[in-house]
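Engineer: The residues making up each chain are set out below.
There are 2 protein chains.
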Amino acid sequence: MENKNISSIGEFGLIDIIKNQFLNSKDNKDIVADIGDDCFCFRSGKDTICVTKDMLIEDVHFKKEWITPQELGKKAIEVNVSDIAAMGNIKPKYALIGLGIPPTTSETFIKNLFKGLKKACNKHKMIIAGGDTVKSNKITISVTVVGIGEDRIIKRSGAKTGDLIGVTNTFGDAGAGVFLLYKYGAKYKYTKDERSLILKQNNPKARLDESSKISKHLTSLIDASDGLYISVGLLTKDSNKGADIYMDKIPTSQSLKKIFKEENKQLKFALFGGEDYELVFTAPEPKTELIKKLIPQVSYIGKINSSKEVRYFHNGKEQKIQCRGFKHF
Amino acid sequence: MENKNISSIGEFGLIDIIKNQFLNSKDNKDIVADIGDDCFCFRSGKDTICVTKDMLIEDVHFKKEWITPQELGKKAIEVNVSDIAAMGNIKPKYALIGLGIPPTTSETFIKNLFKGLKKACNKHKMIIAGGDTVKSNKITISVTVVGIGEDRIIKRSGAKTGDLIGVTNTFGDAGAGVFLLYKYGAKYKYTKDERSLILKQNNPKARLDESSKISKHLTSLIDASDGLYISVGLLTKDSNKGADIYMDKIPTSQSLKKIFKEENKQLKFALFGGEDYELVFTAPEPKTELIKKLIPQVSYIGKINSSKEVRYFHNGKEQKIQCRGFKHF
Chain A
216 MENKNISSIG EFGLIDIIKN QFLNSKDNKD IVADIGDDCF CFRSGKDTIC VTKDMLIEDV
276 HFKKEWITPQ ELGKKAIEVN VSDIAAMGNI KPKYALIGLG IPPTTSETFI KNLFKGLKKA
336 CNKHKMIIAG GDTVKSNKIT ISVTVVGIGE DRIIKRSGAK TGDLIGVTNT FGDAGAGVFL
396 LYKYGAKYKY TKDERSLILK QNNPKARLDE SSKISKHLTS LIDASDGLYI SVGLLTKDSN
456 KGADIYMDKI PTSQSLKKIF KEENKQLKFA LFGGEDYELV FTAPEPKTEL IKKLIPQVSY
516 IGKINSSKEV RYFHNGKEQK IQCRGFKHF
Chain B
216 MENKNISSIG EFGLIDIIKN QFLNSKDNKD IVADIGDDCF CFRSGKDTIC VTKDMLIEDV
276 HFKKEWITPQ ELGKKAIEVN VSDIAAMGNI KPKYALIGLG IPPTTSETFI KNLFKGLKKA
336 CNKHKMIIAG GDTVKSNKIT ISVTVVGIGE DRIIKRSGAK TGDLIGVTNT FGDAGAGVFL
396 LYKYGAKYKY TKDERSLILK QNNPKARLDE SSKISKHLTS LIDASDGLYI SVGLLTKDSN
456 KGADIYMDKI PTSQSLKKIF KEENKQLKFA LFGGEDYELV FTAPEPKTEL IKKLIPQVSY
516 IGKINSSKEV RYFHNGKEQK IQCRGFKHF
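Just so you know, the protein sequences line up as chains A and B, in that order. In this text, residue positions in the first sequence follow this note's numbering: the first is 216, and each later residue adds one. In this text, residue positions in the second sequence follow this note's numbering: the first is 216, and each later residue adds one.
Only true hints are included.
You can't tell identical chains apart in this list, so a pair holds if it fits in one copy or across any two.
In silico lysine-lysine, DSSO-like type, Cα no more than 27 angstroms apart, as pairs:
#1 Lys-523 to Lys-431
#2 Lys-279 to Lys-350
#3 Lys-452 to Lys-375
#4 Lys-219 to Lys-350
#5 Lys-306 to Lys-428
#6 Lys-219 to Lys-334
#7 Lys-244 to Lys-306
#8 Lys-244 to Lys-431
#9 Lys-420 to Lys-431
#10 Lys-502 to Lys-420
#11 Lys-464 to Lys-532
#12 Lys-340 to Lys-261
#13 Lys-508 to Lys-464
#14 Lys-244 to Lys-261
#15 Lys-398 to Lys-483
#16 Lys-420 to Lys-473
#17 Lys-278 to Lys-219
Hints were generated in silico from the structure; no laboratory data involved.
Using the sequences provided together with the hints, build the complete structure.
Structural biologist: Pasting the structure below:
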């Protein structure tokens, strides 16, 4: 029997193995969302309790030279809150902080990391309620966030034929930011626009308010942690649908357009860059105007169909897209 | 200002920094236990929901040569369930699996790891409900377990003067097991008794049934993940009490006694070895006989007093103990 290694299977191959062979959440009626969504959610009385965990590992997800310890702390919370936002009108309440730290790490680093963790928790009215610290050879931040809500949760799998596909803001900045850091390092004298791209990479903001404002009008919802291309793919696959995406409608920032003048490059960052942490959602067409009124930054970039295939169009012409999303393995 | 590094502060120094400066769980009346206990616990309607997370990191907590992937998966669940057991009559329900894996890891390793995770979950009627996989340079298993119960939880801080201190079974095997692995490696031809010590290191069993049987009679409760000495220290400190411990009453196994014939060595493993995952509890003296009837393996090893100091006695003579517990940093 061939024994592949993980880099040849890829992260989503690995998730499929886990999902197919080991997940047994179908047996339990209290579970309302599992590994296939951004959070694990279960019912407890009238509450829905959502639990999410995301790990940030040094030299995989960040480099110490690129991000301050405070920013890192804030980011570790925001990326988890983004998963909570991706379930609809759920309030994040508690954070548990799992830390793996090399013994040579300074006390100041840890204190500043926790300042960042606490700032982000305060912003979302969350409580740091516990955690675990162990020795490791790379800084490892494993945050668990618990959220609670009473409304129905919005899963990835609810998109209906004819729904429009919306996004909460621009795409591509975070990916372009990390591209610049790789190319020029942290000490380079960046322009204001370049710094704005790096800021989006280091200071993501979970779209929690946005989600609570619009979730009751949505049929499906996901956060775009791994790039727009992958998010649209997951959402349509889990909904058993297809989609047409109009690339000329994908919103990008003024800074991205200034720094990367070729539209092709802008779109590559938008589709494959990852870490923008915007929400991608579907809604029935009659609701889309109301949603746009509630969040003026919303853009509609495509439409769900029953084809089970995602097609990309640019000014009316179909484009062949090769998946180049950030793969963890 | 002096900027110490973490190895000079130690794990408990680090937890103190976090506890004092960043924890804000006191503000919330739904929170019934926080970082100072084995789990974070909060109220939701009539339920108490307990969340715990423990990380196992390759070459810190285990070596791949010493433990099979299946054993590792089981252990990752058991150590978290042990934290749930340490809160009293709480049922572990859901497990979230966070995995950091080097890209060279084989598919077979991951499948066997998950077989172990699933076996342990099945044993405790738990569901693997989600998770997260990322790339890392060392295998990192960050499990979150969610438990639910209706009974009052038993904290570390409830010990009363005059209570007896009990333990659920023998101490020292797991520490002695890892000592043997360090000394002779995994391929050495071990005797049956030596293998039994290694088995206790690699196959810990959370004392969940024991906890649910006796918890209503207890005043305080903790699991002994870092050794008996540290557990007694934490329990008395959090209860604002002291204790007398009778070292000749600390139970050790026949295998430990056979392999390490000096009593002094047996006691060192028992006090400082760690990873036995037995429960340490306190109960009012009138309840102690009933508890012993419910769990015949229980031994009473000491008594709580109001001195705020833990003293160790051997055959009536006070012993000076130097803390040699396993420190993560």
